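Peer 1: Residue-level listing of the chains:
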Amino acid sequence: MRLPQGPRRLYERWLARRLPAASQIVLNQKRIFIFPTGYGFFYLLVAALLFIGGINYENNLILALSFLMASLFLVAILHTFRNLSALGLRNGTTESGFSGEEGALEVVLFAEQRAHHCVWLRWPGQDAQQVSVMAGEEESLWLNLPLARRGKISAPRLKVESRFPLGLLRAWSYATLDHYCLAWPRPQESEDCPADGGKNNQRAFSSGQPGNEEFQGLRRYVPGDSLRKIDWKGYARGRGLNTKLFEEPVGGRLWLRWDKLEGLGDEQRLSILCHWVLELDRQHQPYGLVLPGLTLAPDTGDVHRWRLLDALACYPEF
Amino acid sequence: MARIYQVPSHTRLWLTLAVTFCALPQLLKGPLWQGGLFALVIAIRALVNRQRVALPGRIIRSLLLMGAVALTFYSFGRLYGPEAGVALLVSLFGLKYLEVVSQRDAYVLLVLGFFVCATSLLFSQSPLMFLYVLLCMVLLTACLAGINHSDTRASGLQHLKRAGIIMAQAVPLMLILFVLVPRVAPLWNMQVGNGKARTGMTDSMAPGQISELSESSALAFRVVFDGDMPPPAERYWRGLTLSHFDGRAWQQAIPRGMDEARYLYGGRGPTPDWVDALTAGRGDGTSYAYQVIVEPTQRRWLFAMPVPFVSEGGVSLARDMRLVANNPVSQRQSYQVVSVPAATRRLPLVAEEKALMLSIPDESGRRARGLAQQWRLENPSDAAVVQQALRYFRQQPFHYTLRPPKLVADPIDDFLFRSRKGFCEHYASSFTFLMRAAGIPARVVVGYQGGEQNSLGSHLLVRQYDAHAWSEVWLEGQGWVRVDPTGAVAPERVERGLRAALEERDSGGELSGIQFDGFADSGLLGVMREWADYVDFRWQTWVLGYDSQLQLSVLSKLLGQVTPLRVAITLMVSVALLLGLYGLYLFWRNPAHSQSPLEKEFWRLHQRAQACGLALAPGVTPSQLASTIAERWPRAASPAQDWARYYQRALYDPRQKTRKQQMRHLRGLRNRLYKLLD
Amino acid sequence: MQALDKALAQVGRVVLGKEEQLKLALTCMLANGHLLIEDLPGMGKTTLAHALARVFQLDYRRVQFTSDMLPADILGVSVFDPSTQQFSLREGPVFTQLLLADEINRATPKTQSALLEAMEERQVTLDGVTRPLPAPFFVVATQNPVDQAGTFVLPESQLDRFLMRISLGYPAPDVELELLAGGDLRQQVRELKAVINGEGLMKLAQVVGKIRVTRELLDYVQRLLDATRSDDRFVAGLSPRAGLGLLRAARAWALITGRDYVLPEDVQAVWASVAEHRLSARQGGSVAAISQSLLQSVPVVRR
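Chains as they are written, first to last, in our numbering: chain A, 1 to 318; chain B, 1 to 678; chain C, 1 to 303.
For the record, the hints were derived by calculation from the structure and aren't laboratory data.
All values derive from a computational prediction rather than experimental measurement.
One thing to keep in mind: the hints can contain errors.
Said to hold, decoys possible - Anything over 12 angstroms on all C-beta distances counts as not near chain A; from chain B, calculated:
| no. | residue |
| --- | --- |
| 1 | Asn49 |
| 2 | Pro272 |
| 3 | Arg604 |
| 4 | Ala637 |
Said to hold, decoys possible - Simulated pairs of lysine-lysine, DSS-like, Cα-Cα distance not exceeding 27 angstroms:
| no. | chain 1 | residue 1 | chain 2 | residue 2 |
| --- | --- | --- | --- | --- |
| 5 | C | Lys210 | A | Lys152 |
| 6 | A | Lys152 | C | Lys203 |
| 7 | A | Lys260 | A | Lys152 |
| 8 | B | Lys675 | B | Lys660 |
| 9 | B | Lys600 | B | Lys161 |
| 10 | C | Lys6 | C | Lys203 |
Note that the Cβ used here is the ideal one computed from N, Cα and C, for glycine as well.
Isolated chain A (complex conformation) (with noise of 0.2 angstroms):
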């Protein structure tokens, strides 16, 4: 059923404020929307058939069976109701991907009072998927997140329906939880890499040679300074403690800069930059990043190439 778009937008609007996000929720009377599926109406309505039955044929017996039939329905509305009741929803692990491509979103499940069955999570655009959460019990599911843009992709609101046990009656609920995936910009290759402090900036293929550090000169000892960096033997010769200062190294270190792709536009700047972080990081090249508002140091490894593509997806709100 689709509602023309403003009714939509209206009710869009209510349930963001009806069910505002949080990063658990556990559902409640507030949350739980129940309405008879198809079958439930088509029982009700055999129900009243026999009823009709019952009564043209004088049979009570009939009309007690009709009564059954409408009993087990109004304790079906109980048994559906509690089977969504309680049940916990709470932000899991994400993983993130570049814009264009999917990320993920783990949704934990948990039922701290009692067993949900056959619980159905969907979410727009995606295949429903159905998990059962035993009595004190966890379980978790991911739901692949198309990231369309770059940035932080908020989960969508999220469908949670049960029509267990019956079948009679169909029990939802919306979830929105605080939940987002990051979505790294889209790499895009370009000649010339944005970088400072390598021996080459036009293709920054350093010797290689780290920690090349090149002595500069000396200053006073400041407490804290480092004691491998005193100039001991001038101490020594009665020169008074001193520290000796270095150089940043020059060869390896390269400095990815935003200030260098001036001209081109804020995502294509980021694009270009996550294709040299995952080009660097390929050649083992220790790379810093200078973002406006962020700078990061030159290193390498997984967790430093992680650390700058979320601070490229995040940008420019770190």
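We have chain A; now place chains B and C onto it with these hints.
Peer 2: Chains B and C in isolation, oriented as in the chain A frame:
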């Protein structure tokens, strides 16, 4: 959603059982081929479920369907009407089961199941049948729960348990609805006879007919008295009067020149003079008020003591002081009667009637006529002639027997002067003949005499073997007077019933072959029969007989004043209250409940160890518990460590899913550990 | 996992007889938390920190805190560079991977808080430029027992920044004997072999996050936190941050023990060092005694 949800395998058993149980009443009752069809369907399903064969294709299914339709037509001669319709429905039900693959199919099958259950109640309304239908409903609900439980790890028993719980909660709700939902008058009239030819009275009486009835202990009707019960000798339940004798059999007759409309009075139109006369006598002497609940007879006549007055519609009073239903009694029916025995004297005897009551065929009973005329000459009054006749039966060697010898030639003379062995019908017949021959208006009355009292319900039970025939003679000033010649021959028959009468003078095993299902049987069987009758009786009065009138009286007792608004509010409030109660129970947060079985395991061992004298802090971890036990009981060290290891993994390793098997293992370990403590 | 065992063995060679404390210190590092060592001078605090840095190939700096120290002494200063005629940033000692902050309670609260903020944020903002601290970044701070003169007591809110607090204590007599016979400690530390580098440590820290925890265990942690809050012998209960820290430390402990899921024992093992420095008892109570009694009375398995 395009995906097809298959019926999960753990539900198959319940589907098979539900289909079988729902169809069984019809299979037992209906034609034999239906049983065969079901056996075939279930066999195919069983093979399909074991993946031995594929599901039959569309062609085979259509052939089966056509076959079923053809056979139904062959068996019933038509495809509509209750019997044929139900047979067809049940066949369709079976064939639908054959093609169940998806959840949707199962839904359709289950709906058909509800209908099949309802049709079972169309033909039998006994409490047992209703219980059986409830069982079927539990199975159908289990199927519903099963097809909605798509987890493969679910167990079948779980569905039955769930269905049982839901059903147990639904039944009280059903009772509320049953009591409170207003009964509506039928929208159109449909009556279904249960088609069973029952033993019972016919509308003529030839020698030997009533003795056949006496071999049956089936229930004829029940009587519930408001107030005093008449003494046993007064319990004559009149059914028919037979006024025309053709030399062999007695038949019903209306006096010549009297039309049926004047003969029956149904409460509408101008009252005939005889009704006025009878109504005038309503205050005469003692009266008995009672309710008769009659079993289906497929006849119109009803049973009552003389002179019956009824107030409800649907029942007419006949000139011969009996009750006649407007429609044949095809279901249990009840009616309220007030009988005034003394009112009989108010009824006049008109000339046409007198002529009929004196008519006897010319050629029969020549010797009997002679005897009667002799009595007539000897005695001045009619009453004396009656006494003379009774004396005759008493003094001559007449014999009361269920197996009289066959009468040849003239039945009256042959009985009176040769065989002299007979049953009530012989006595009534010959006595009436003698009276008519002597010029006294007389007729035969058939009905039931006596009845057994159920001490639980204090109602009277009248069975087929209580069938009886007697005479009525018209005496000036007294009206129609009942004379029971059988009483002259076998007084116990009237006082204590057929069984006593036959036992008294048992001549060569007459009792053998007759089933007496009375309560008089000593021992458990009698008590059980009494109970069964009581349940049946209550079922009849409170469940089957719960009509709009009874509902009105119940509601007015409950609510005082019955208005639609009050009934509606009561209905809603009581349903809401009950559902609220269930809600409280279902949503109750029991802290002990939130403890998982695994957690309980720990505390069991903890408690046990403490009971055995170990001082334990509550904050002890499983492995600390185990090592404390190991310190105290060194021989328990290794099982204790085993237990702790296993338990820790079960409780704290998320990849270790606790299944039944693990729980069992853990319990085993703990029990082994128990033995090593103390 | 073997790397961790090796690391423990290596450090154990110079810090004798303190296996428990070593394990806790390592746990703290794996849990990506900062360590506070409360002890009298000369108990081997420095040796421990130095050995840890050595074994994990971490860049190591030591700062002796004094009352006249300024925040810039820790974080860094802008220095005029004559060659470029510009101010350039001179990073302070905090720009290292393992910082030993000796006698932190001798510094003024202002200096203390500058360091503690850097610890928390893992970045330093100087003259409007934010510079991330190296990763991994650990602070091992030592503190004299508070009753000593001339100290500024660290406020509780600051103590919360330290994941764990341990104290080494006097060595056992036989260990001390060995210590006395052992010779030059400094030399021994220098001889220690690196086991893994900083990046390896980061990876291990990632693994810590993946150590599994069941609902039942979370329940237990929650019960413990609840118990501190409802116990009126404490001034205030543990904060949610403390709860997260407890869980993280328990995970790291489980990893060191060689398990990939957490047991209540792991929580109990790190309980004292994670919880006690964040709690303060009302008059006349000993935090250690009360917290141990809680451990005894809070049911491990829900009842």
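Peer 1: All hints are to be evaluated individually against the structure, with a verdict given for each.
Peer 2: Status of each hint after checking the structure:
no. : hint                  : in the structure
1   : Asn49                 : 22 angstroms, holds
2   : Pro272                : 31 angstroms, holds
3   : Arg604                : 17 angstroms, holds
4   : Ala637                : 30 angstroms, holds
5   : Lys210/C <-> Lys152/A : 23 angstroms, holds
6   : Lys152/A <-> Lys203/C : 25 angstroms, holds
7   : Lys260/A <-> Lys152/A : 25 angstroms, holds
8   : Lys675/B <-> Lys660/B : 23 angstroms, holds
9   : Lys600/B <-> Lys161/B : 23 angstroms, holds
10  : Lys6/C <-> Lys203/C   : 17 angstroms, holds
Violated hints for the displayed structure: none, as all numbered hints are satisfied.
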